[in-house]
Structure formats: structure tokens, C-alpha cells
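Starting from the known structure of chain A, arrange chains W and H on it as the hints suggest.
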Amino acid sequence: MTAILQTVFDALSLGSLYALGALGIALIFGVMRLVNFAHGDVIAFSIFALLWPSTDVVAAVVAGNLPWFLLIPFVLAMGAGLSVLAEIVVFRRFRNASPATMMIASFALGFVIRYFLLMLFSSRPKSISLLPALSQPVEVLGARIPLLQLITILTTIAILFGLTAFLKRSRFGLEMRAAAENFTMARVLGVRANRVIMGAFALSGALAAAIALILGSQTGTADIQMGTNVMLMAFIATVIGGLGSLPGAVIAGFLLGAASVAMQVSLSIDARPFRDAFVYGAVILVLIFRPQGLLAGRGTKERV
Amino acid sequence: MKNWSKLTTALVVAAVTGAPAWAADDDRIVVGFATAESGFMQAYDKPAQDAAMIRIGEINAAGGLLGKQIEVVNADTKTDRAEGAKAGLSVIDAGADLVVVSCDYDFGSPAALTAESSGLVSFFLCAESIKAGIQGVGPHSFSASVLAAVQGATMAQWSYEKKEARSYYRLLDTWTEYNKGICDGFDWMLPQLADATLVGEDTFKNEDASIAAQITRIKSLPEEPDAIMLCTMMPGAVSAIKQIRAAGINSMILNGSAVDGSYWLSAVPDLSNFYVPVQGSIYGDDPNGDVTAFNAKYVEATGGDPSTQYVYPGYVLIDVWAKAVERAGTTDADAVVAELEKMVDEPTLFGPRTFNSEIHHQNKARYLIVETNAGTPAVVDEWTISEPIPVDALMK
Amino acid sequence: MSNRPSIARRTLATPLILSLLLIAFALVAVAAGSKPFNQTMIDIFLRVTLVVGLYVFVGNSGVISFGHIGFTCLGAYAAAWLTMPPMMKQTLLPGLPEWLIAVQLPYWAAAVLAALWAALWAAVFGKILMRLSGIAASIATFAMLAMINTVYSNWENVTGATSSVVGIPIVRTIWPYLIVAIVAVFIAWGHAISRAGLKLRAARDEPTAASASGIDLPRERLIAFVVSGGVMGLGGALFSHSIGVVTPDTFYLGLTFTTLSMLVVGGMGSLSGAVIGVLVLSTLIQVLRWLEAGVSIGTSTLALPNGVQEIALGIVMIVILAFRPSGLMGNTELNWRRAKTADPGASGQPE
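Protein chains in written order, with our numbering: chain A, 1 to 304; chain W, 1 to 396; chain H, 1 to 351.
Hints listed in this document are in silico derivations from the structure and should not be mistaken for laboratory results.
Among the hints, a few may not be true.
Just so you have them, the derived chain W footprint on chain A, three or more residues with Cβ under 8 Å [what the hints assert, rightly or not]:
id, stretch
1, 117 to 125
2, 137 to 151
3, 211 to 220
Some, not all, of what chain H presents toward chain W, calculated at C-beta under 10 Å [as the list claims (entries may be wrong)]:
id, residue
4, P36
5, S164
6, V245
Some chain H residues flagged as far from chain A (calculated, every beta-carbon gap over 12 Å) [to be verified]:
id, residue
7, R10
8, I23
9, L116
10, G190
11, V287
12, S296
We treat Cβ as the ideally placed atom computed from N, Cα and C, and that holds for glycine.
Just chain A, with the same shape it has in the complex:
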């Protein structure tokens, strides 16, 4: 029984990461049909913002020594800031470009961010001690799980509720939902496009930073590639969730996490290394049967 409970927690915590990532990608896709391949690099950037640029193998942590109530807003602001900067400097010039062009531009931007970090920090992964108090087990209903796992799940749920309330209640949220549903119509009706898009980028960047915080404290490592894997899974979650549908992205993120953990638990030792092949096979199946995604977003007519 406790083993099952433990597995459920494992699936939820992995799913949380994917769900947060998928939300970040879906927000931007919703307002400007951009599949943002720089998202993974925003994740990496947020964590490196805590370190002092140096090529030493021992990372000189500067901002990382802040107390947690300053550290968390700092990292979130870093992610949001970079994301907004990306929109102002780069993506604003691609408003009318085809999705393929935007996608490659976002990839090129990610490439620039990655090599910028590589130049400042060299390639050796840095070890960091981020929020070390979280690395201890706690007892929940008889299962001993790492405190961080619990916090990850709770934070994700809190973010989801917070975001839903924000999008439902605030005027900004209303504008954003209107823009996601029908961007042209929303503009005609007086939605300030630039403001909404910038808001979406800021939120998306902050979500990336939240992932960075979780990954950073979970793995104890700042690695230039650390965002890639989560981003790819998040990207898949966004599509099978139904592009443009925020709840769909979240549900699909949790499903992917659950599928991955379920495969790891149930496959025989010889088949376990092939786990991802099964997960991706399942993705193809879902797409074949529901090409528009699990929850198709309204008004998101295909443009890619």
C-alpha cells in the first residue's frame, strides 16, 4: 500500500514539472502561435542567474545565499525578465511570420542564450546548494517521501489555482483569454496586444524559473542542458493536451509524468532502458486517435 502511495507521489511530482513546463509553452502559444524552443534555455538561465560568472568548478554562489523569501522572487523575476526581453528584442519582429519561421527564430534565440551561458560559466555542470532544507524525508500517510516532492506537488497545484483565478477574475486575464481564443478579434475589440503578449511572456518566464528552482533543489546541479528534457516533454504535453488549451496542457503534463513512472515501475529490467520508446509510442497513439488533442482549444485553428 505504501509502495503504491509512494509511486503515486513519484508520478505526481514528475507530472508537476511537465505540467508547469507545458503551461509556460501553452501560454505563449495561445497569444501568438509561437512554439517557444527557447523555453528550456530560459529555465537554465534562471538557475545560472544565481551564480557568479566564473569558470571555476566550484560555483561561486552570489544570489543563492539570499534567504528563501528573497531568493524565490529573485529567480522568478530573472526568468520573467529574460522572457520579456526576448519578446521585446526578438519575437516582436516576428508577429506576422509563419509559425515555422518563429519556431526557428526561437530556437536560434535559445542557441544564443545557451552559448552565452557556456561562455560565462564554461561547460562543467555546477553544483549548487539550493534550499537545502528541502532535502529531507517526511512522513505522509505512512510513506516516507522527500519534502521537496511534496512541495513540488503543492506548489504546482497552488500555481494552477492561482493562475486560473488570475485569468478568470482579472481584466488582464480576460484580455489574455480573449487573445488566446481569437487574437484578431480581440485586437479589434480593444485588447492591447503588446501588453497581453508581454504579460504572457512574463508569466511563462516565471513558470520556467519555478521549474528551475525545483530542478535546482532536486538535482543540486546547474547544467546548461538542464531545461531541454523538461521542455521537450512539456512541448509534447502542450500538443496532446490540445494546443491553446491551458487545462489540457496541465492534464497532459500529469499524464506524461504518470506514464513515465508507470513504465519505469512495470517494465522488466531488460525493457526498462527502452522506457521512453514506449512513452513516445503512446504519444503517437494519442495523436492518431485525437489529433486535435485531448481538450481542443476553441478557436485554435491550425496554422502550422
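Relative to the frame of chain A, chains W and H by itself:
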């Protein structure tokens, strides 16, 4: 291709003679480094190459090799295989007698293959796969480090003999050949240890954001294993170790050399019961005083302490190659290979080295055991496996 | 289709000009006479082959595929299986079937078989995937790439898992690579003016009209997918001979994005764009590398810090796309009379 003027020269020379622009000139002794100066392998190649340069400096200061000063040429592989082949060709064009290639077998082999097809000796800076040698690249290829399998076997036997470990759990990161090599050595040794049992095994991927499911499997064992053989490398290793300890598993953790170094320990505060095999100690407590002296020299040359034991094979490489050249009286590849293959327990600063016509690698070696206790690593023992790992087991 | 020969004649200029361009590049390499530079040129021809292969599907269908490098992987390993010495296969890849271990072909024959092998798998995957469109299709192709990569990274005794497979004969002259690049260009052109290619492009540009006129979109896409899969496989086979080692991670995200970027920067909708994209970006990369290595001006040497090359490349790509969102060539093709028609045979009726 170093610069425009060289291109112009090449054009002119090629036009006039139709011959390769920089034909090898045998009055010089040239060591060519086709290694990563950028990209992620740079973090591994640079320190080992610095150590190699220290040995070259020492030889040159003592009058050179065969009475000539050793010259050095470099080409950047950019941590890319196709660029690696180009880098190999570049240093060969520049007259290299010895081609030193990237630390890792996968990234070094394209350059090593260019050396092999030009009939030159190639040395991997610190590759630990048997294929970085005769079995993969060819008969002129060597590695200065010790096979990964020896590390796994060493940890298994040492923990059994000295720590009375009896129940083992095997956790393999399937990312690289190196990781699998450690577990292969462990698998070879375990059946030879009476009443030692494997109570479970699992795999993960280095890039996995979470290995919670794997940890749950360990925790659902009836009792905690005495030791976990963790076959992985950076950056995933830190994450795995941190997650294992965060889940409250306190078993002894056995590792390969790839997790040596104190630079990452801050990520897992107060880590204990953690063991790593190393060829030499970077912590200033090596039983051989000369290693500590070398560390000081390294600080002088590079401005920083050696960060891991992977600095050392670079030094060994130049050392054994130069000895072979001295004995052969020439840099001719076949003669040098013949001399290298005569080496049996050749003493080096970091333990004895043996090469023969069957294997250009160490399938048995003396290892120091470093224990990390309450976040502080220190040498606690040394161990040499009772017999060399047979080539068949390594090729399985 | 009585007008096919005239379409061919009208558009033949495009592959001819592109071939001449490639030959010119090859002659520069021969003139330079330096081994590393020669190898650089080989890389460029390989990329031309891959990007042109990608164009056959992406360009004509308008569907972005993240999966094509999977076929390159299939081709590269097939070439390795067919050309390695049987002794080495016996020890390194004992899981291969007897007959495959025993066989050892010359590299060109192996390359043809490798291309067919890749095309076969493209047909299998395509049969399933081609009814998807848009971003669902893109993600499905990515899932396919990840599946191929996972299988090849772990199938120990058949692919050697993540370890480099060595023993593949190395071919260091540029001519085979040049020939394959030119062959790829002609295959792409041949497909573009074929009935299937014309229908596919019509459907790309006018989806509603195309479906009204009864074009079987999944079928036309499948044809393009198989042809381009074959070209990607051919490129993969030659890739394995260019450096003599193959590993699964060579054929994953890095190469996928490199080739896609070159295609989009060149101009996704045009064969000339595919070739020009590779040539322009490769030249840029090479120049930046020289700058990074240092250039002597008079007595002083000017060198860029390491890493600037990649950053500059990314910025240049963004700038090109900002000013030319549909790529350097847009939808036009090179022609004797400057850029007159749109894509080859665009003026020809689909039926």
C-alpha cells in the same frame, strides 16, 4: 586551417607541387592535441591536457626527447565528432608524431581514427573503454587511464573484504559506455565473492529530471541493501546521490572515478558513507608525496587545484610515450608501439602501467579509495583487484 | 500529364545551376589542397544532402518534420552493418543475423541499400503518421525520432547502444559526397515536378481547393515522406563513411535543428533555398571559426573568444529571419533568367 595566410600558402604550395602542404618533417618531434577547447568536453580535456603540458615542459627542461625539444600543435574538436576528424587531420598535417585525442572514447575516436589511418600513434587523454585501443580504433591506439570495469570490480571487492558488505543493489545510468563499463566490472566481480548477493537492480537516464520511481523500488526492498553500486557520471550523478539521500536511504554508495572531486559536494550537504576509487588524490593526502608535489606544480601552471583525478592520466600519457620513444630511439609509430607493449608494471607517478599486444589499457590497477565522511573526502585505503579482468569479459 | 516534359525543360535550369554551384565549391576544396579543409567541404556536401532530403517532405508539404534525422540514423547504421569487416561485427555487434555479419559490401553499394532501408521505414512510419497534419504531425514525427533514438541507444548487441561503432571504412575524397549531393538535388527536383509533387504543393498552397478536387493528401504526403526518407538515409550512409564512427546521439536533436535551421533560413518552400541555406550558413560558420582561431593582420593577431562563433551564428539567423521571414530565397528558384517562376513547375497544372 589556422588562418588565411596558411590557406594562401596551402593554395600556392598545392598548386606548385600537388603535394600535401605540410609534409611531416622528421627533424622535429611534434605532439598534436586534437582535443576540445570549447563545448562540454572542454571541461574534461583541458585539465588533462594541462597535465600533459606539464610533463612536456619537464622533458624539454631536461634536454628534450632524443635530444630535440618537443613541439606542440593544437586543434579544437568543439566537442563534435565531425570536427574531431578535422582536428585530427589538422594536427597530422602540422606534422604530429603523436596524436592526443579527447578524453572520451566517443568523442575522441574520430580523431584517433585519422591518426590510425595515417599510421600514427594516438593516445586518448583519459578514455576508460576498451574500445579506446586495439579493439576499437586499431593497433596504434592507447589510453592512459584505467578501464571503467576495473573501478566497478575494485569497489565490489574492496567493500566486500574491508566493509563486510554482503547485499548489493545495482543502479545503472544507461547514458554512456563508461557507466555500463563500471557495472560490467561489478557484475564480473560479484559472483567471485562468496555469499555476496545482488538484491535488486534498476536503470535510469542521466537526464531524468527525477529518479523517484527508481528510489521507490529500493525502498520497497525488505531491508536496505549494504551497498548501492551506482554506475553513473556527471551531471546526473549528483542528482541521483542527492535524491537517494533525500529519500532517507543510508546504504554505502559505491561509485566510479567520474564522481571524484569536492566541487559538487555542497549540493549534498553532509554526505557520508560514500566511496570513490581514484588513481591519485587531489585532496593533498596521497600516500605518494610526489603526487602532492605534482598538485603544487599544477596550481603553479594553471592557477587552480586539480579538480578531479582525471587530470593525472594526461601526465601519465606523455610520460609512457616519451619513455617508449627514448627506448626505441625514434618516433616511428611501429617501433614506439613495440616498446609500449613491452611495458609491464612500468612505474609512473600514478601507479604502475602495463601494455601488451592484446590490450592497450589497464585491466588491473592500484586504486586509492576515497571516503567522503560528513562532506569531507579523504583517502582511507588502497586496493588492487586480485586478478586482471580478462579481455573476453571486457568485450562481452 | 502531357505537359510534364515541358515542365522538366522549363525547370531543369534549377538543378543544373545548383549542381554547378556545388561543383564550384568542390573545386575550391581541391585547389586548397588541405586535408582539414577537404573534410569541411565533405561536411558541407553531407548537409546539402540532408537538407535537400528534408526539403522534399517539409518544403513540398509545408509540414515541419522533426523526425527526419531518424532516417539518417537508420541509413548510417545500415551502412555500418554492411561495410564493417565481419570479424569486428562478430565481436562488437554479435546480435546481427548471421548473413549480415558475413556480408561486406563496397561503400557505394551499401549506401544504396541503406537508402532503401531508410525509405522502407519511412513507408512504415509514414503509413501511420501521414494522416496527421500541422503541429500534431510535427510532434508525432518528433516522437518517432525519439523512439528510433531510444531503440538505437539501447539495443546493445545490434547497434552497440550508445557506444561508437567503429570499423566503418573511411572515405576521404570529396567526389562521392559531391555526387550524392547532386543526386539528392536531382531527386528533389524530379519529385517536385512529378504528379505527386505537384499535387502535394497544390494542397499545401490551397488546402481547401485541393481537397475539393479530390487530392488524396495522406497518399501524396506518404510519397514525399518515403522519397525524403530515402535521401536522408543516403546522407546518413555517407555520413558514417566521412568520419568512420556512428553513435545514436549524433543523429538526434542537434542535427535535427541544424538541418531545419538551414532549410528555413534558405527558404523552406524552395529547392534552391535548401541548398543556398546550407552554403550560406556553412560558409558563415567556417569564417567565424577562422576568426575564432585568429587572423593575422599585419603583425597582430585578431581572435574572437571561444563561443562567440555560436552566438554570432544564432544572431545572424534571427536577423536574416526578421528581414526575410520566408528565408533567403523565399519561394523562388534559381533560374538562368533571374528568379522568374515560383517553385519548379508551379505554373503547371496539377492535373
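Checklist line | Structure-inconsistent hints, enumerated in ascending order | finding: Checked against the structure, no hint fails, so every one of them is satisfied.
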